[in-house]
Amino acid sequence: MTKPTMGPALAAAVALVLAGTAGADTIKVGVVAPFSGPFAMYGKQFKDAIDVYVAEHGTKAGDHEVQFIYKDTGGPNPDTAKSVTQELLVKDGVNYLAGYTFTPNALAVAPLVDQAQVPTVIFNAATSIITTKSPYFVRTSFTTPQVAGPLADWAIAQGIKTVVTSVTDYGPGIDAEKGFVKEFEAKGGKIVDSIRMPIATSDFSPFMQRIKAAAPNALFTFIPAGPPAFAFVKSYSDNGLSAAGVQFLGTGDLDEETTLQGLGDAALGIHTSFPYSVAHESAMNTQFKADLAKVDPGAVANFASVGAYDGTEALYRMIAAGGTDGDAGLKAVLGASWESPRGPVSIDPKTHHITENMYIRVVAKDDKGQLINKEIETIKDVPDLGLVSK
Amino acid sequence: MTTLASILLDGVAYGMILFMISVGLTVTMGLMRVVNLAHGGFAMLGGAFTHWAMMSAGLPFPLAALAALIAVVILSVPMERVFYRPIYKMGELPQVLATIGITFLMIASVNYAMGSSLLSIPLPKVMSGAVDLGFRTLPTHRLYVLGAGVLVIVGLFVLIERTRFGIRLRAAVDHPGTAACLGIDTGRIFSLTFALGAGLAALGGILGAELLPIDAYYPLRYMILFLTVVAVGGMGSVAGSFVAALALGILDTAARYLFPEVGTIFFYLAMIVMLGLRPQGLLGRA
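Residue numbers (the working numbering), protein chains in the order written: chain A, 1 to 390; chain F, 1 to 286.
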């Protein structure tokens, strides 16, 4: 893949640029995310969260002025991610990188990050293996097994004994299925049936009928937010599974807050697990939401917002401690812990991944009649279960 | 036995939704011979206007849907005049490029005005919930779609085969020059037919939103579905689209019941086999 001559050339170029910027003492951070196309939501959420953080903490981290440079990938597009990252490293001379919404994009830049030795904070991409691909990766989002495992524990505690898993047939769906099944069976639960649904499904009635016929205590699902989640939840409600006593368990991707209102009343009463709910009750979260409203009136926070907000916290800590010295910066953030709008978080020095609380939530209505993810139980300090078993 | 009945029931219900969202395209692409890839755009606009009328203006569903339908029809008239008149004269490939350009315009407009998240259309009490059929339940909404589908196909048949407008339309499509010589105002006929296609697209978008929810990227996401139904049914054949939609709906549903792991391949396989055997479509004229 990588041309053998590119490594030294790139390192030399980066060294040159680093030498050039050291005197000016403006630390540049390149942010790579989709700012156009169907996934532009991520870019917007990232930028809003960074703006909130800067509004709260100023443009200086320690003695260093911080400058953000944004680059668009347009979606899951590893080639573009790689070329814009290279441009940031060589042309703009950034000292830190951040963003990365999709797993293929993050994996594509791992060799670049390694060669340039630039600490890179992943705001979203949620496959476990990413952080093993370069020692310069740090991640502030979550992984799918980290979300699915605690939900299985909770299901057992609720007396749920039989489950049908029904996940979208692609990487994250299969990760979620494995994460849930492993934990659920280890605790003595029984998986009655496992369905993998084609990614282009728009009518879920056949699956709902099959689940209903199997009559489990609950179904577990992973399905991407947006149109598929809407149709799936609607189908669950229309086919009378709730009335038949089949509970709905899912990862919080499917009812994240920017699409939650669109799900409508059909979503009432479903259970999901996730690291962040906008309805999380803490002074910090209230402050975060108020500041977000100032930066971008009408914006709705979600998991991508806190991923980027905590990612910016990590960046500021690294810049304050290391300045242009990425390795010193990286050392400062490994093992660090702080309070986030989602609750207490820390960076696991072994996996470079965020350790955080998982919340079991139920979809309910607030006093204004809006749907919210109401947290009903907290599972404390969950590491990435894909890499570390408890 | 129950599985078979379930397959037929869900298949027909799904097929009817496919028919509703594609029938507008049968009219513009099939009857007017314009490769209108922006069809889904009109369906999305119908859904987006309904969403807006319900959420911001507080109208109840039937009124909001009607208002949205009228809005799309009205909007389609100047669009036809400005954009589509030059497109009619182009070859097939330029038509594809031009109409996909229009699709991008529509996507960007809705994205700009309403954002890229789901635009929900909550159904009224009478249309939501499920009806008990004894051996299982069926979402009530599907019965309404079934009713609307039958009305649309009967209405179109009468309009095209039995009215003076239908005769003029067929004449104008077959030979615009001769039709114009006989005193038929072909420009007006095309305007009206295009508006009819856009209105049907909007109706399909609104009624199909339970399964194919509305958002800014709707026109691209479901483009293949519309095109498949029209291609398999046969260009310009409303009855063909109807048969094709039901057949594909039942086939796809059966595959999901019996072999979910093979995915959507049956749907496309059926299309390939069908078009290999009859390139002009099920009921299309060669």
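To be clear, the hints were calculated from the coordinates, so they are not data collected in a lab. Note that CB positions come from ideal geometry on N, CA and C, so glycine has one too. Check each hint, because a few of them may be wrong.
[Claimed, not checked] Keeping only pairs whose Cα atoms sit at most 25 Å apart, straight-line, the calculated SDA-like set for lysine to any residue is:
hint	chain 1	residue 1	chain 2	residue 2
1	A	Lys-365	F	Ala-130
2	A	Lys-368	F	Gly-115
3	A	Lys-368	F	Leu-258
4	A	Lys-190	F	Ala-130
5	A	Lys-289	F	Asn-111
6	A	Lys-190	F	Leu-258
7	A	Lys-350	A	Lys-190
8	A	Lys-44	F	Ala-113
[Claimed, not checked] Selected chain F positions facing chain A (Cβ under 7 Å, derived; list incomplete):
hint	residue
9	Pro-78
10	Asp-174
11	His-175
12	Thr-178
Was the hint right that Pro-78 (chain F) lines chain A, CB cutoff 7 Å? violated, 28 Å
So if I understand the rule, the pair passes when the alpha-carbon distance is 25 Å or less; does Lys-368 (chain A) with Gly-115 (chain F) pass? OK: Lys-368 (chain A) and Gly-115 (chain F) at ~22 Å, within 25 Å.
Could you grab the alpha-carbon distance between Lys-350 (chain A) and Lys-190 (chain A) and see if it respects the 25 Å cut-off? Distance ~33 Å between Lys-350 (chain A) and Lys-190 (chain A) Cα, so the pair is violated.
Quick one, is the Asp-174 (chain F) hint okay against chain A at 7 Å, beta carbons? With a minimum Cβ separation of about 36 Å from chain A (threshold 7 Å), the hint on Asp-174 (chain F) is violated.
Cut-off 7 Å, beta-carbon criterion: hint that His-175 (chain F) touches chain A: violated, 40 Å
Check the hint pairing Lys-190 (chain A) with Leu-258 (chain F) against an upper bound of 25 Å on the C-alpha distance. Roughly 23 Å separates the two Cα atoms, so the pair holds.
Does the closest beta carbon of chain A sit nearer than 7 Å to the beta carbon of Thr-178 (chain F)? Violated: closest Cβ of chain A sits about 44 Å from Thr-178 (chain F), beyond 7 Å.
Can the restraint linking Lys-365 (chain A) and Ala-130 (chain F) be considered satisfied, given a maximum Cα separation of 25 Å? holds, 23 Å
Keeping to a limit of 25 Å between CA atoms, is the pair of Lys-289 (chain A) and Asn-111 (chain F) held or broken? holds, 24 Å
Within a Cα-Cα threshold of 25 Å, do Lys-44 (chain A) and Ala-113 (chain F) meet the stated pairing? holds, 15 Å
Taking only the CA atoms, is the gap from Lys-190 (chain A) to Ala-130 (chain F) under or equal to 25 Å? Violated, because 30 Å separates the two Cα atoms, which is more than 25 Å.
Straight-line alpha-carbon gap Lys-368 (chain A) to Leu-258 (chain F), limit 25 Å: violated, 44 Å
In this structure, the hints that do not hold are numbers 3, 4, 7, 9, 10, 11, 12, in rising order.
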